[in-house]
Amino acid sequence: MTLVDVCAALGDDTRWSILAALGEADASASGLADTLPVTRQAIARHLSVLQEVGLVEPIRVGREVQYRVVGSQLNATARRLDEIGAEWDRRLGAIKEIAESL
Amino acid sequence: MSAAVVDEATFSVSRVIRISASIEKVWAAVTEPELISSWFGRAELTGERTGTLTWDDHGSFPFRIEAVDAPRSITYRWNNDAASGAIPPSIDEVNSTVFTFTLEADGDATVLTVVETGFENTTDALVNLEDHRGGWDFELDELAALFA
Numbered sequence: 001m002t003l004v005d006v007c008a009a010l011g012d013d014t015r016w017s018i019l020a021a022l023g024e025a026d027a028s029a030s031g032l033a034d035t036l037p038v039t040r041q042a043i044a045r046h047l048s049v050l051q052e053v054g055l056v057e058p059i060r061v062g063r064e065v066q067y068r069v070v071g072s073q074l075n076a077t078a079r080r081l082d083e084i085g086a087e088w089d090r091r092l093g094a095i096k097e098i099a100e101s102l
Numbered sequence: 001m002s003a004a005v006v007d008e009a010t011f012s013v014s015r016v017i018r019i020s021a022s023i024e025k026v027w028a029a030v031t032e033p034e035l036i037s038s039w040f041g042r043a044e045l046t047g048e049r050t051g052t053l054t055w056d057d058h059g060s061f062p063f064r065i066e067a068v069d070a071p072r073s074i075t076y077r078w079n080n081d082a083a084s085g086a087i088p089p090s091i092d093e094v095n096s097t098v099f100t101f102t103l104e105a106d107g108d109a110t111v112l113t114v115v116e117t118g119f120e121n122t123t124d125a126l127v128n129l130e131d132h133r134g135g136w137d138f139e140l141d142e143l144a145a146l147f148a
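These protein sequence lines are chains V and U, in that order.
The first sequence runs 1 to 102 under the working numbering.
The second sequence runs 1 to 148 under the working numbering.
Just so you know, these hints were derived from the structure itself, not from any lab.
Check the hints yourself; a few may be wrong.
In the EDC-like style, the derived pairs of lysine to aspartate or glutamate whose C-alpha atoms are separated by at most 20 Å in a straight line are [as the list claims (entries may be wrong)]:
id, chain 1, residue 1, chain 2, residue 2
1, U, K25, V, D12
2, U, K25, V, E100
3, U, K25, U, E93
4, U, K25, U, E104
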């Protein structure tokens with residue numbers, strides 16, 4: 001599993017909607033199908049893609065299988081992007097000073 | 001300056017800043033090697049569209065100019081993949097990222113936008129992910145805030 005696989009899994013509107021919904025609360029495929037405009041079968045396929053790259057994990061709740069977001073994948077990437085963004089903040093500040101003093 | 005923008009679909013970073021200078025001056029600051037050297041690494045051209053950005057304590061990172069539309073936009077590709085432990089002598093697209101400056105005149109000022117993409121190609125982010133793969137992290141509030 002590489003970051004490219006994670007990105008590929010994320011590059012889909014429906015899967016992003018599923019992740020957002022699971023960010024609110026754990027849910028089963030049927031539960032997600034009730035709130036999203038997608039069939040339960042399609043949701044199950046998308047969940048399997050997300051599970052393969054470690055973005056969600058199944059948890060058994062009574063007789064139902066619910067899915068839970070595994071935040072570490074996205075958080076690690078988001079932290080790195082935040083660091084890069086902070087570097088650009090510093091660089092743009094320097095560009096501003098240079099251009100305004102030319 | 002705008003708040004951080006993280007694009008969840010493309011893994012890009014973008015920033016916008018308003019500069020009280022003409023578009024020509026801002027263009028010079030993001031394209032002329034001697035000026036780039038004062039906000040970035042020491043910029044040296046090795047060809048018409050290729051060069052290096054050097055930090056004495058980090059090394060010389062190759063870059064390549066991918067597109068120019070003076071004075072509105074310029075796109076650079078570069079290799080700055082700290083975690084890979086190796087710097088290629090010339091652009092290696094495999095683990096490179098791309099950043100584009102877009103300039104827009106706004107009265108006497110200039111709005112400068114930078115967008116950097118391609119982080120899914122770098123081993124740096126990968127290393128971070130590998131580091132964190134073992135432990136589950138349920139910071140969903142943070143997650144929701146970052147990707148809302």
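Comparing the hints with the structure gives:
A distance of roughly 40 Å separates the Cα atoms of K25 of chain U and D12 of chain V; the hinted pair therefore is violated under the 20 Å criterion. The suggested pairing of K25 of chain U with E100 of chain V holds, with an alpha-carbon distance near 8 Å, which does not exceed 20 Å. A C-alpha spacing of about 31 Å is found between K25 of chain U and E93 of chain U, which places the hinted pair above 20 Å, so the restraint is violated. For the suggested pair K25 of chain U and E104 of chain U, the alpha carbons sit about 12 Å apart, so the restraint of at most 20 Å is met.
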